[in-house]
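Under my numbering, the residue at position 64 of the sequence shown is numbered 86, and the numbers go up by one with no gaps.
Note that these hints are calculated values from the structure, not bench results. Fair warning: there could be bad hints in the mix.
Per label pair, the in silico range of CB-to-CB distance [what the hints assert, rightly or not]:
{"id": "1", "residue 1": "Ser258", "residue 2": "Ala168", "range": "43 to 51 Å"}
{"id": "2", "residue 1": "Leu50", "residue 2": "Gln218", "range": "18 to 26 Å"}
{"id": "3", "residue 1": "Gln31", "residue 2": "Asp267", "range": "22 to 30 Å"}
{"id": "4", "residue 1": "Gln153", "residue 2": "Ser108", "range": "18 to 26 Å"}
{"id": "5", "residue 1": "Ser176", "residue 2": "Arg41", "range": "32 to 40 Å"}
{"id": "6", "residue 1": "Val133", "residue 2": "Glu45", "range": "15 to 23 Å"}
Heads up, the beta-carbon is just placed ideally off N, CA and C, and yes, glycines get one too.
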Amino acid sequence: MTQEERLEQLAALLEQQQRLSLEQICQLLNISRDSARRDLLRLCENPRYQRLRGGVRLAAHAPGILPFAQRPAAPWKQQLAERVVSTLPQHGWIYLDSGSTLLAVANVLAVRSHQLHIITPALAAAQALSQHPHLQLILLGGSFDATQGACYGSETLLQLSQYRLDVALLGICALDEQGLTAPSAAEAQLKRQAIQQAEQRIALGSCSKLGQHHRYQVCALTELDALYLDQPPPASFCQQLEAADIHLTTLEPSDA
């Protein structure tokens, strides 16, 4: 069997099974591990397939990003925001990411008594917090991205690099077993910078974003400390979170 024939067979198998381990490929095609690795390298030149440690899977690309102004203000976002805010210290330095779920966090903080320094690249979040008498607000500048409603770029990174953070609150664009990803290099870089400078890293968002990925890596799953979701994730993902010692909080099904 030629390599092209093997690649066709692998592609057909992946359409049926979603993922294959290196051992399965060796057994199914009766080839050595070295040959299987070479086949995977060729196969994954096609973005339809994603190489994993010890195997390959169909790439579960996240759908396109809705412009910020078009994102629905779902009730679960407010409920999840209240859960997150209840865990924040009364005093400290907080990074508040962009996104509609993080805007819900800003709206909750706007009516609470916390005395925090809030650092954010998100214009809507800054506006929501601007009238709070006890919050010190730092709006990061840079190149404005209308889709995300936030500033990104080298100037944004430079400004953020000046601060030591107690907590980084991060929106979930896409999350799978390999970690958090973002739709643009600039957004991934800013999230990564916040993670590097924070004592605690909390990601929050919709369970629908799990099992998906964008092209730009933010961090490994193990770099997160806590995860807040609107609904319980699949049992297999819960096991991965437990193995990584990540605290999981979800809304009850009746609340979501």
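Verification of the supplied hints:
For Ser258 and Ala168, the hinted distance range of 43 to 51 Å is not satisfied, since their beta carbons lie about 37 Å from each other. Between Leu50 and Gln218 the C-beta distance comes to about 42 Å, which lies outside the given range of 18 to 26 Å. A beta carbon spacing of about 40 Å between Gln31 and Asp267 contradicts the range 22 to 30 Å that was offered as a hint. A C-beta distance of roughly 22 Å is found between Gln153 and Ser108, which places it inside the suggested range of 18 to 26 Å.
A C-beta distance of roughly 38 Å is found between Ser176 and Arg41, which places it inside the suggested range of 32 to 40 Å. In this structure the supplied range 15 to 23 Å is violated for Val133 paired with Glu45, their Cβ-Cβ distance being about 55 Å.
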